[in-house]
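Colleague: Chains A and B supply the protein sequences, listed in that same order.
Residue numbers 1 to 570, in our numbering, belong to the letters of the first sequence in order.
Residue numbers 571 to 1140, in our numbering, belong to the letters of the second sequence in order.
Take the hints with a grain of salt, since some may be wrong.
Derived list of chain A stretches under chain B, where covered just means 3 residues or more per stretch with a C-beta under 8 Å from a C-beta of chain B [said to hold, decoys possible]: (1) 41-50; (2) 101-111; (3) 539-551.
Calculated from the structure, these hints are not laboratory results.
We put the beta carbon where it would ideally sit given N, CA and C, even for glycine.
2 protein chains.
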Amino acid sequence: MSKNKTDYEAMNQNSTDNTAYQLNTAALGNGAITFAIMQTNFWVGDIAGNVKKMRALALDAKDKGADIVIFPELSLIGYPPEDLLLRPTLAERVKNAMNELAQIEGIVIILGYPHIDHHGTFNSAAILQGGAQKGFYHKQHLPNYGIFDERRYFAKGRNHVLFDYKGVTIGLLICEDIWHDAPIKALKDEGADLVVVLNASPFEIGKQAQRKELLNSQAKKHELPIIYANTVGAQDDIVFDGGSLIMQADGQIAHEGARFLNQLIMAQFDAAAKRFDTQAKPPLALSEESEMYQALVVGLRDYVNRSGFKGVIVGLSGGIDSALTLCIAVDALGADKVYAVMMPYEYTSNISLEDAAAQAARLNVSYTVCPIHDAVGGLRSTLAPLFVGEANGTTEENLQARARGTILMALSNTYGHMVISTSNKSENAVGYSTLYGDMVGGFDVLKDVYKTDVYRLANYRNRLEDNPVIPERVITRAPSAELRADQTDQDSLPDYDTLDAILKMYIDEDLGYKAICAAGFEPALVERVLSLVDRAEHKRRQGAIGTKITKKSFGRERRYPLVNGWAIKG
Amino acid sequence: MSKNKTDYEAMNQNSTDNTAYQLNTAALGNGAITFAIMQTNFWVGDIAGNVKKMRALALDAKDKGADIVIFPELSLIGYPPEDLLLRPTLAERVKNAMNELAQIEGIVIILGYPHIDHHGTFNSAAILQGGAQKGFYHKQHLPNYGIFDERRYFAKGRNHVLFDYKGVTIGLLICEDIWHDAPIKALKDEGADLVVVLNASPFEIGKQAQRKELLNSQAKKHELPIIYANTVGAQDDIVFDGGSLIMQADGQIAHEGARFLNQLIMAQFDAAAKRFDTQAKPPLALSEESEMYQALVVGLRDYVNRSGFKGVIVGLSGGIDSALTLCIAVDALGADKVYAVMMPYEYTSNISLEDAAAQAARLNVSYTVCPIHDAVGGLRSTLAPLFVGEANGTTEENLQARARGTILMALSNTYGHMVISTSNKSENAVGYSTLYGDMVGGFDVLKDVYKTDVYRLANYRNRLEDNPVIPERVITRAPSAELRADQTDQDSLPDYDTLDAILKMYIDEDLGYKAICAAGFEPALVERVLSLVDRAEHKRRQGAIGTKITKKSFGRERRYPLVNGWAIKG
């Protein structure tokens, strides 16, 4: 039984791949323009599928009385398309798709698409009406930082574009444009009554609050109402969280789309008053834990479904990382698609076995216990002649981790389920995980979740239902990899509060040694942690992708040379 | 005994990390400017080390009579520095370094460095003389395609820069600038007598010929002599191949630097005649096989040396990929740093065992035979209860590959040697390799070498010495992964000539299904190959890096979404 229906809404939805959506609408009056904002996911590369989806959604919006339907940034090809934008057949595919969409009668369509002509490829918005493309706008500010590489693909737009509909002058912008002043000011100067912004704005913690602040400021400063249409759903390591916004010229929010959900937002714009109608019941703001958790659910769900695997395999250890991963997997895919495997060895404690079994039972997933003694024994036996005396501790520990990785991959090969890994951001940062061992898998669910946030999310998930799904002991016991007798994480790492504080400064904030020491941390510890991070780059480079939730994830937005001579203290 | 001394020069050099260099100079006359072009490697990130190296080299050039010493693009921080350019302490480090270099007396220094001021960060060239920085130039054309992400980091320069020395007006350019017409034309219009271009131009097959053609054309068109100073050595997956050029205004080459070698090129410029002296004996052009091979040697050598490993481990299978990899490793690091391990199982043939032993003996490397029957047996025993009946063929084959990977990694953990992997580009393309199995390792030597080129390079290497280092049978036998009885690669793949021809069109040339079919390949085969390539993206993403030698490697220059809906035939 769910205690918190709001928090559960997103995770119990079907994949954002389908065309089902929630309807968000107010009572409609007369003599106004009715906008339909389609906060929906469009699959990267699947132009034919996206056209089919747009057609169905546009006709549906028309039936519901919309004058203008708005699809998000690059909705025709999905975001981010990366090097698919360089494919030589793209221009023809786009042309055919746009011609097909232009045939739709009785509704104006605004959509994002890659515009290709002799000036180059542009990130553009098209206005389709009555059998033809009536206009287009090219994005002017092309982000090329963080996760973004838009200048690799797109030429810069130079002109602002407005069009009139029922006496209202509507200006177009795309995503990054609205974060700058010049584009919206130019639209205002040209007589815009209203600005429509198409977005593919990726999630990170606290992003929706930033968007609201920005739009409030831009609406008030330029005295313009704004429609901010965002996409939703995941692409590889990026999640789009929806939360589309319709803002009055005075900075008040007229409508706010749900987060992480397909939604059709219908809103009327009164041409005389230059105001939107107001949403009857705006959504509650999500807590930080809730938005993190939902992002992880959507990220895993869309990746697994699109990759064509029939389900996922999780190595359950009795520890908190695999416990939380299992919850997310069940919430993302349903218990019938999740297979938990416990692989005990000599150092596995009884409480680990008990707690792993308890979680699996509570979540109603397939659960198998597979002792790895024979596998480790066989590897040791093969290796014995090669070692003078004993292998060292790291070698022995890694053998266990790699035996487990090999077992999981054999199950994946046999049954067609994707192995998902459970390494958190703190571990990935300092290299406290085994390449080809616990790092195996197609997706690393907690890749961008610091260990301290793993605890927060485990407690959050337990609060959602009357019976906690994660046994309390999993949360309270000292964390251990159980790769040797009486091992705990804190044998070789500082406590996680300290470690994560240093890591956040170094990774998320990009601060250096001196600045971190100045924040009050012990210099020798800072040096050790920073050095561990730098030295683990080669491991991270071979790790699975995982959903970005922080300001700077270990994905495409952190690009360091593998071997380099940068001096930590320099 | 070497048959081909020229081809051996590069591979028998020490690492490009040290400051030793070949001297390339002509007899010096009077009344002219003497330039010293330092074709040397500067390690990415190691600003203090690079300053020390520059200081030593500049003083040495001064002793040899140089008026002006030229270091390549971004020599202060190495190329490509990637996100090290975003580190907050960079500005201070650069400032201190430039102040230190400016102290060097008696020689003008031109070097590449990141210039940071309130306008942004620039990719710049500095002129240092007599205790001060006399001027700077900011690169105008910032490449943001292929392997390049310069617009992620740098602001665009807007001005051209010239300076006078002994009555000669010298204009500065940086790398990509010379591939465009406007920058050199502007220098000519402002009265330049000579253009100096600083470069970090990465190697790919045939690149030196392209550079010569470009410089010939630009020199003649603008009637300007050009000094083209390139860097040398490897950084991660990129190799810089030197081959610096000094071009007369009539397009004749006055001096050409050696390829893949540290070299100091000294050349005199006659101010009156506006001509350079001429190199006594220009280097022979390298054959395609020779430049490919040398790039692979330099790439592996610099990566291993800089990563701090004591040597490398190669899993030797008796097949051609591991045979060639072993040769490259020995040429890069010396036989005493290379450890070969043969890991036979049921399907390993006798000729594989014989040929592996023969190669290891011929190359004088450590050779260990480690049968994996126990390891595979243990894994199978652990897995047995989980399978209903037999595991499928792929599972069984992958178990063998992963047992081998785990053994190699255990040796690496114990002895501190880096595992190098042996998957070639054809295999990586179609996913014909096992993740966490034969794909384990820190560096994949043949990652960008098509199978047909593996054969070419094996034959090339055998021709270098009187006794072939690779047994002829390794080259002539049918290729097989030996993961089941009587297996050959052509059971599941087309012949490599056909496969590689399709792959080159799809990957290197970025052509689509229709264009490849139009070139005469069977449509069903084309569809199958393209589909294999697309579906193996998740494997490649977790693979080791390897040296780029082709037009488009599977590295930072091919960025595809992992899951996407792009239709091959669309």
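Colleague: Any of the earlier hints contradicted here, and which numbers?
Modeller: As far as the earlier hints go, only 2 is violated by this structure.
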